[in-house]
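Colleague: Listed below are the residues making up each chain.
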Amino acid sequence: MGNAPRGVSTLALPPVTVLFLLIPAALLLAGLGVLGFRWAVRSGQYDDVRTPALRMLLDDEDETSPKPNG
Amino acid sequence: MIDTLSAPAEPTVAPDTPCAHCGLPVTDAPVLQHGHAFCCTGCAVVFDALSQAGLDGSYYRVRALDTSAARPAQAVAPDAHVLAEMDTPRFLAEETTAVEGGDRRVTLFVDGVHCAACVWLAERLPAELDGVHAARLDLAAARLTLTFDPLRVPLSAVAAWLARFGYDARPARQAATEGRTAAERRMLTKMGIAWALAGNAMLLAFAFYSGLSVDTDGGLAHFARYLSLALATVSVAYAGMEFFRRAWASIRFAWHDRSLARLHMDVPISLGILVGYAQSAWATITGHGEVWFDSILVLTAALLTSRYLQLRARRLAGEASDRLLALVPALARRVEHDGTEALVHADELAHDDRVLVQPGEVVPVDGRVVEGASSLDNAVLTGESRPEAVRSGERVQAGATNLSAPLVVAVEATGDATRVGQLLAFVRAADAARAPTALLADRLGGWFVGTVLVLAAAAFLLGLPHGPDVALHRVVALLVISCPCALGMATPLAFAVGAGRAARTGLFVKREDAFEALPKTTAVVLDKTGTLTEGRMTVIETAGSAEALALAAALERTSLHPIARAVEGAAPPNVPDATDVTAEAGSGLSGWVGGRFVQVGRPAWIAASDPQSLADALDRFSADGLTPVAVAVDGRLALALGLGDALRPEAPAFLKRLARDGRTAYLLSGDHPSVAARVGAALGLPEERVLGGVSPEGKRAFVERLAQTETVAMVGDGVNDAAALQAAHVGVSVGGGALAARMAAPVFALHPGLAPLERLFDGSARVMGAVRAGLALSFAYNVAGALAAMAGLVTPLVAAVAMPLSSLAVIGIAIGQRSFGRATAGS
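Chains W and P, in that order, give the protein sequences.
Quick note: the first sequence, position 57, residue 1295 per the numbering used here, numbers continuous.
Quick note: the second sequence, position 21, residue 427 per the numbering used here, numbers continuous.
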């Protein structure tokens, strides 16, 4: 009790040091998210946001006649 | 007794029985087929087509799942010219793009799609037609993207297949929509990046608000500040540029005019962003002072969001108006020297070429008739609802519909050189030249800048006793917190929400200033044909025997003429068959029905005046501005009909409403003055406000003159109204008319009639209510913010909380507006 573990005290850095690494890592992740978003916009996924919601209602595609082409 | 015998033996169907296809009441004239009752033949045909193709079960099941479903499509007859054009090599080369494997991709506008079942049906194309490889429908824009193999399936077969189910497919001319889509995607990307930057800046700011400070934790605090600076630099340079560019343009404009009033809202927005950024960057580098990065980044992102929503609302309305098709058909039947005919593009025609126009087709060129006699429906160009007889040697104009017999026309002008082409060219040019009207919020911009600068000076002077540092801090705080974020969002958001709601009820508002102008409208100029009236001939008055009506209908059934349609429509459903029917262009029809000789046509052509009472009736109809039609049986007059364009049932109530709202109504018609006078009198309009026989150019001049003293709304539906629609403060084109009018009008309704207009007036008043409420709220916020900043109460934390809150309140007002769908759904 009262004695700090030896390994930590010898580092002589405040315990928040890890933030120097975590913040840039978080920003990097955010950057990846932005790249993904940019890709989604460029490939037109936001051009029509209404029809896909209805398309999920259409589930019996192959009941009457099979599609000749995929 | 006789009545029950003559009526067909039908099971009785109550008038309120829902139609088996569309679900609307079948009324008292149902179409009965295969044990189902339909409201019209169109619905019956689609029902039939669906069940024959074995698609009915799924179609109706999927449609039942989609609660947003409106009235489904009715069968349409595809335009032969459009179909023929789709298969030409030139069309394939110009309007389709190659994809791998020799396939082509094309985008079609499909009128009539409205619900999940339509998506299902249209996207079944690959399974139904061999050679179609993929079909994708964008419901909101009504665009169908197809991948197909032109060698295995002609595009016309696809269009014909869609037409069976009531979808009218037309080629979407590409260029315009692509530019809009690209701009919207750019803005969306920009908005996404701005939010990502703002979110991360907020996370870093959290550390400062929870106690991280440069004085106590030097390294980390500096690190966080520099990172924020980096994020903010990207956001200001990339996303903020959107505002700086427009602000700069407005400053140059104001400088040129030496007028502060010219500054618009982007100027104070840019000022706030730049001052906040500069102060924070300085504080980061010098190591003391406060940083506002999170506030200005959230502000930038929020403003971009409202810009994006505005752009999107505009695109949806713009795309709807792109469904507008070339009025003049792109193809014409050229009669070659050897007598054969060839389908060619209208722009390949030379002066004096001969063009054949079949009955039912639209005249593709301006020219002179060299062969044949027929009657033409010129309503699209002149608004004249009565067909006009043409003979050899007479002039015809592009856009007119040939009604009765084939005509050969010598070409005098094609394309933009035709009269209709010139009208459209004017509309296009005026549309491009028209400066966007500054919106209410933008007009406040200059005033706002002035006030903020005065307040900033006051804040500096008030802060000076506490030292120059404090004074400067207060100035920055004031400039940041009174950055008109909410003010900048109030108007575009309210408009975007209003336009979106309006679009769902079939009203498309292409330009936001229409919302502002509509409630202020003092004069409403109404076109007659198609707007106040049904736009087609109907039998309005009859005198004589009902039996003769059935005999006349027997003859008229063989003709395409609108008079024939009207007579047939007035007759009982079971008419006998006629034989040996001959048509005399511009005069009438004669033939034999059950051993009796029947003539239907112009009174002068029939030349019978016995009995006198019927001849008098014909004269009276003529004097009333109706088109008299006489029916003679075995050489003796049997029936007198007065035909005209019937008033829409809701027209009188609509005009009363306009008068109650203090708006003056004018009736402007290209039709004969006597016809205009009859309609005006029926509506109780004073004579001086009813003008007949006005040319398209005259309409434009009238509206321009009126617009000098009043706020004018022009309502019309034809090409003849297009120029006047453009000249008015607000042009509204109503549905069912010429699609070209939609291009000219900042507002257009998909549905015919006057009901959309009432909704438009109500709705735009409510939209403006939301705009004003939003503006008032953001003003209150800005005043409070400025006062607090002068008192030195504004810290970055206060700004970070207060600014988004004020924006949220404004968003709430915009979304909560009770306009269009909202207000009418409950009633």
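Hint data in this document are derived by calculation from the structure and do not stem from the laboratory.
In this text, a Cβ means the ideal position worked out from N, Cα and C, and glycines have one as well.
Treat each hint with caution, since some may be false.
Some chain P residues flagged as far from chain W (calculated, every beta-carbon gap over 10 Å) [what the hints assert, rightly or not]:
no.: 1; residue: L543
no.: 2; residue: N606
no.: 3; residue: L755
no.: 4; residue: A1186
Partner residues are not named here, just some residues of chain P that face chain W (Cβ under 8 Å, in silico) [stated by the list, open to error]:
no.: 5; residue: V468
no.: 6; residue: G518
no.: 7; residue: A522
no.: 8; residue: D544
no.: 9; residue: L545
no.: 10; residue: L594
no.: 11; residue: T595
no.: 12; residue: A602
no.: 13; residue: L626
no.: 14; residue: A627
Colleague: Taking the hints in turn, state whether each one holds.
Modeller: Hints versus structure:
The non-interface label for P/L543 is inconsistent with chain W: the shortest C-beta to C-beta separation is roughly 6 Å, within 10 Å. For P/N606, the shortest C-beta to C-beta distance to chain W comes to about 5 Å, within the 10 Å cut-off, and the non-interface label is violated. With a minimum CB-CB distance of about 38 Å to chain W, P/L755 clears the 10 Å threshold, and the non-interface call stands. Every CB of chain W is more than 10 Å from the CB of P/A1186 (nearest about 35 Å), matching its label as outside the interface.
Taking 8 Å as the C-beta contact cut-off toward chain W, the hint placing P/V468 at the interface holds, the least distance being around 6 Å. Look at P/G518: its Cβ only gets to about 15 Å from chain W, farther than 8 Å, so that hint breaks. With a cut of 8 Å, the hint placing P/A522 at the interface with chain W holds, because the nearest CB-to-CB distance is about 4 Å. For P/D544, the interface hint holds, the least distance from its beta-carbon to any beta-carbon of chain W being 4 Å, beneath 8 Å.
The restraint placing P/L545 at the interface with chain W holds, with a minimum CB-CB distance near 4 Å, inside the 8 Å limit. The restraint placing P/L594 at the interface with chain W holds, with a minimum CB-CB distance near 5 Å, inside the 8 Å limit. About 5 Å separates the beta-carbon of P/T595 from the nearest beta-carbon of chain W, less than 8 Å, and the hint is met. Look at P/A602: its Cβ gets to within about 5 Å of chain W, closer than 8 Å, so that hint holds up.
The interface hint given for P/L626 is met, as the beta carbon of that residue sits about 6 Å from the closest beta carbon of chain W, less than 8 Å. With its C-beta approaching chain W no nearer than about 11 Å, P/A627 sits outside the 8 Å limit, and its interface hint is violated.
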